Amino acid sequence: MLTFTLRRLLLAIPTLLLISAVIFFMVDFAPGSPMSDIPLTVPPEVRAKMMAAMGADKPVHIRYILWMKQFFWNEPLYGIDALLGTDFAQGAQRIISWQSKVPVFQLIGERLPQTLTVMGTAYLIGILIALPIGIYSAYRQYSWFDLAGTFFSTMGFSVPTFFTGNLLILIFAVKMGWFPTIYDTNLRVTDWDSFYRMAMQMALPVTVLALFNAAEISRYTRASVLENLNQDYVRTARAKGMTEKTVLLKHVLRNSLIPVVTIIALGLPTVFGGAIVTEQIFKINGIGAALIGAIHVSDLPVIQTITFIFAVLIVLFNLIADILYGILDPRIRYD
Amino acid sequence: MPDGAKPVLEVRGLKTVFRTRSGAVHAVNDVSFSLREGELLGVVGESGSGKSVTMMSLIGLLPSPPADVCGGQVLLRGVDILKATPDELRRVRGARIGFVFQDPMTSLNPVFNVGNQIMEPLRKHKGMSKAAATERAVELLELVGIPDARRRLKSYPHQFSGGMRQRVMIAIALACDPEVLIADEPTTALDVTIQAQILELVKELRQKLGMAIIWITHDLGVIAGIADRILVMYGGQVVEQGPVREVFHAPQHPYTRALLRTIPKLHGAREARLEAIEGQPPILTAAPAACPFAPRCAHAFDRCRAENPARHSIDSRALGEGHDVACFWQAPAPQEAAHA
Numbered sequence: 000m001l002t003f004t005l006r007r008l009l010l011a012i013p014t015l016l017l018i019s020a021v022i023f024f025m026v027d028f029a030p031g032s033p034m035s036d037i038p039l040t041v042p043p044e045v046r047a048k049m050m051a052a053m054g055a056d057k058p059v060h061i062r063y064i065l066w067m068k069q070f071f072w073n074e075p076l077y078g079i080d081a082l083l084g085t086d087f088a089q090g091a092q093r094i095i096s097w098q099s100k101v102p103v104f105q106l107i108g109e110r111l112p113q114t115l116t117v118m119g120t121a122y123l124i125g126i127l128i129a130l131p132i133g134i135y136s137a138y139r140q141y142s143w144f145d146l147a148g149t150f151f152s153t154m155g156f157s158v159p160t161f162f163t164g165n166l167l168i169l170i171f172a173v174k175m176g177w178f179p180t181i182y183d184t185n186l187r188v189t190d191w192d193s194f195y196r197m198a199m200q201m202a203l204p205v206t207v208l209a210l211f212n213a214a215e216i217s218r219y220t221r222a223s224v225l226e227n228l229n230q231d232y233v234r235t236a237r238a239k240g241m242t243e244k245t246v247l248l249k250h251v252l253r254n255s256l257i258p259v260v261t262i263i264a265l266g267l268p269t270v271f272g273g274a275i276v277t278e279q280i281f282k283i284n285g286i287g288a289a290l291i292g293a294i295h296v297s298d299l300p301v302i303q304t305i306t307f308i309f310a311v312l313i314v315l316f317n318l319i320a321d322i323l324y325g326i327l328d329p330r331i332r333y334d
Numbered sequence: 000m001p002d003g004a005k006p007v008l009e010v011r012g013l014k015t016v017f018r019t020r021s022g023a024v025h026a027v028n029d030v031s032f033s034l035r036e037g038e039l040l041g042v043v044g045e046s047g048s049g050k051s052v053t054m055m056s057l058i059g060l061l062p063s064p065p066a067d068v069c070g071g072q073v074l075l076r077g078v079d080i081l082k083a084t085p086d087e088l089r090r091v092r093g094a095r096i097g098f099v100f101q102d103p104m105t106s107l108n109p110v111f112n113v114g115n116q117i118m119e120p121l122r123k124h125k126g127m128s129k130a131a132a133t134e135r136a137v138e139l140l141e142l143v144g145i146p147d148a149r150r151r152l153k154s155y156p157h158q159f160s161g162g163m164r165q166r167v168m169i170a171i172a173l174a175c176d177p178e179v180l181i182a183d184e185p186t187t188a189l190d191v192t193i194q195a196q197i198l199e200l201v202k203e204l205r206q207k208l209g210m211a212i213i214w215i216t217h218d219l220g221v222i223a224g225i226a227d228r229i230l231v232m233y234g235g236q237v238v239e240q241g242p243v244r245e246v247f248h249a250p251q252h253p254y255t256r257a258l259l260r261t262i263p264k265l266h267g268a269r270e271a272r273l274e275a276i277e278g279q280p281p282i283l284t285a286a287p288a289a290c291p292f293a294p295r296c297a298h299a300f301d302r303c304r305a306e307n308p309a310r311h312s313i314d315s316r317a318l319g320e321g322h323d324v325a326c327f328w329q330a331p332a333p334q335e336a337a338h339a
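Chains A and B supply the protein sequences, listed in that same order.
Under numbering that gives the first Met the number 0, the residue at position 57 of the first sequence is numbered 56, and the numbers go up by one with no gaps.
Under numbering that gives the first Met the number 0, the residue at position 121 of the second sequence is numbered 120, and the numbers go up by one with no gaps.
It should be emphasised that the hints constitute simulated quantities derived from the structure, not laboratory data.
One or more hints might be untrue.
What the hints assert, rightly or not - Straight-line Cα separation of at most 30 Å, DSBU-like style, residue types lysine-lysine; simulated pairs:
id	chain 1	residue 1	chain 2	residue 2
1	B	K202	B	K153
2	A	K244	B	K82
3	B	K5	B	K207
4	B	K82	B	K5
5	B	K125	A	K244
6	B	K129	B	K207
7	B	K82	A	K249
8	A	K244	B	K153
9	A	K100	A	K282
10	A	K244	B	K14
11	B	K153	A	K249
12	B	K202	A	K244
13	A	K100	A	K48
14	B	K207	A	K249
15	A	K57	A	K100
16	B	K5	B	K125
17	B	K14	B	K129
18	B	K153	B	K129
19	B	K202	B	K125
20	A	K100	A	K68
21	A	K249	B	K129
22	A	K68	A	K48
23	B	K82	B	K125
24	B	K153	B	K207
25	B	K5	B	K129
26	A	K282	A	K174
The structure presented is a predicted model; accordingly, all values stated were derived computationally and were not measured.
Using the sequences and the hints given, assemble the complete structure.
Following this line, the structure appears as structure tokens:
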């Protein structure tokens with residue numbers, strides 16, 4: 000298992016290098032200029048100076064190599080410094096946002112907590128709802144419970160979040176007035192009162208995303224449990240006199256979870272990525288909103304860095320899914 | 000053969016119907032037989048003759064719906080287990096009646112090690128501690144002839160060969176010292192040399208442990224070697240039953256005779272081709288009103304197509320004790336030395 004993990008980690012390096020190059024150059028080739036926000040009254044020579052100050056006048060391959068050095072060397076050093084209070088970085092150049100002139104990682108650090116709180120909670124709740132529904136739906140196939148569950152998961156899966164989000168806002172925030180329509184990022188949980196307000200403002204976005212995630216995961220769970228319920232080893236377990244609970248929650252579940260865990264692990268990068276659309280609807284200024292904002296003003300360093308971090312996460316969770324697969328299924332041997 | 004021993008298991012008039020959307024299928028029709036202590040009863044018939052369904056009906060292993068065990072009695076030491084609550088039936092399964100299935104490749108749970116799977120019934124039915132169950136599991140694996148048993152407990156099913164897995168299945172079935180072992184075509188999925196090994200193992204275990212065994216097979220050659228009595232099934236009913244030697248020597252039912260003719264012979268004149276029984280076993284959408292074998296039977300006459308024959312004894316012994324058959328046709332006396 001260790002050899003496998005190390006081998007996979009080594010293999011990830013060329014993959015990520017390739018991805019970084021593709022992202023960097025594709026984003027760079029896109030039309031638009033960091034100067035498009037600058038008023039036309041600013042003379043061209045001043046513009047050129049501004050470009051030079053940001054390093055945006057350098058050829059693309061130079062910028063790529065510089066960005067690589069900053070991403071893989073300078074930024075980790077700053078990370079260590081921030082963590083341990085050391086001074087390894089010694090003022091080395093960081094990746095700076097063209098728009099806000101703030102280090103991109105600082106920007107991410109400001110945006111990530113909102114995303115993680117809302118998306119993470121939604122994902123967790125989604126899983127907690129989906130597993131029991133999927134398992135019970137399969138166990139009682141074609142029962143009213145199963146039909147209702149299948150109906151709602153089909154709905155949840157096919158109706159986009161921008162629709163359900165707006166619908167919930169319209170009903171519960173505008174008409175009923177139970178929940179706030181806008182997510183207040185400055186709210187810090189310090190006491191019960193602020194906790195209550197946090198819970199209230201999280202309620203709608205979390206509901207929308209949890210339902211969407213639950214719909215997907217419960218469908219996979221149901222299909223997987225159904226497939227396993229018909230296996231011969233289930234009959235063996237019953238012939239051994241095991242209770243239905245043991246049959247379902249031990250024998251069937253362990254086998255059924257193998258594909259489901261993969262789906263859950265591969266879905267996790269979206270938690271970090273932030274459901275971009277949902278963040279827009281609920282005005283949560285998370286990482287997704289940061290990315291969209293950067294795209295609007297051609298803030299290339301921010302776009303390139305955030306997109307590349309998503310790619311790293313996807314590669315990482317792929318690896319985690321594979322490792323979990325090996326732990327759950329003894330037939331899969333990596334060594 | 001232990002004559003006169005009292006029955007461990009007695010089945011009377013068992014009926015099972017599958018109620019599906021496209022109509023009912025009468026899979027088991029009025030099946031009666033008894034299994035005496037220490038006896039090995041061979042159950043034979045083609046695929047689809049109702050052998051497996053009968054045995055699974057006994058201990059509630061059929062999914063319901065669609066299966067409905069709608070009639071009869073199954074007396075385990077005099078107590079009707081068809082009337083038992085699901086909980087009581089669970090305490091019978093795996094504890095007093097052990098089951099070995101056809102395909103050892105898929106019958107074990109792939110994600111648990113075999114030790115876990117052997118210990119499960121021990122802990123459940125016997126309330127053994129983990130340590131005691133481990134010891135017993137080692138003992139069981141040694142009993143079924145798996146070398147290096149203690150280490151092998153930690154192995155997963157995929158690390159065993161087919162024959163070894165079937166040995167593990169047998170160990171699981173025997174874990175709680177059952178009174179009855181039901182083996183549903185346990186050697187069908189194995190290759191011939193492994194079949195022979197498993198047969199030897201069962202013979203040996205039977206002598207050691209003395210439980211009664213029901214052995215389901217479509218291979219008459221297997222039955223001849225190990226069974227005391229034989230039950231021939233067709234169309235979900237018993238068509239012939241008797242001590243194995245008598246049935247082989249003087250088969251009464253045309254179906255039994257046809258089955259016996261399908262065994263390839265090693266000695267005697269070489270036949271042009273292997274015999275086969277023409278046609279397919281019936282799918283019974285209603286309880287049979289006529290002999291289910293009549294459409295394929297060379298000896299069928301009008302009465303066979305109008306009336307379902309009841310089992311009748313062909314000797315002086317009581318029905319079920321000796322040799323009986325469900326057929327209107329009178330088989331001729333056996334010709335000596337017709338086949339070896």
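Status of the hints after comparison with the structure:
no.	hint	verdict
1	B:K202 x B:K153	holds, 28 Å
2	A:K244 x B:K82	holds, 22 Å
3	B:K5 x B:K207	holds, 20 Å
4	B:K82 x B:K5	holds, 22 Å
5	B:K125 x A:K244	holds, 19 Å
6	B:K129 x B:K207	holds, 26 Å
7	B:K82 x A:K249	holds, 28 Å
8	A:K244 x B:K153	holds, 24 Å
9	A:K100 x A:K282	holds, 23 Å
10	A:K244 x B:K14	holds, 29 Å
11	B:K153 x A:K249	holds, 18 Å
12	B:K202 x A:K244	violated, 36 Å
13	A:K100 x A:K48	holds, 15 Å
14	B:K207 x A:K249	violated, 34 Å
15	A:K57 x A:K100	holds, 18 Å
16	B:K5 x B:K125	holds, 26 Å
17	B:K14 x B:K129	violated, 41 Å
18	B:K153 x B:K129	holds, 14 Å
19	B:K202 x B:K125	holds, 26 Å
20	A:K100 x A:K68	holds, 19 Å
21	A:K249 x B:K129	holds, 17 Å
22	A:K68 x A:K48	holds, 24 Å
23	B:K82 x B:K125	holds, 23 Å
24	B:K153 x B:K207	holds, 27 Å
25	B:K5 x B:K129	violated, 36 Å
26	A:K282 x A:K174	holds, 19 Å
In terms of the numbered hints stated before, the structure departs from hints 12, 14, 17, 25, listed from lowest to highest.
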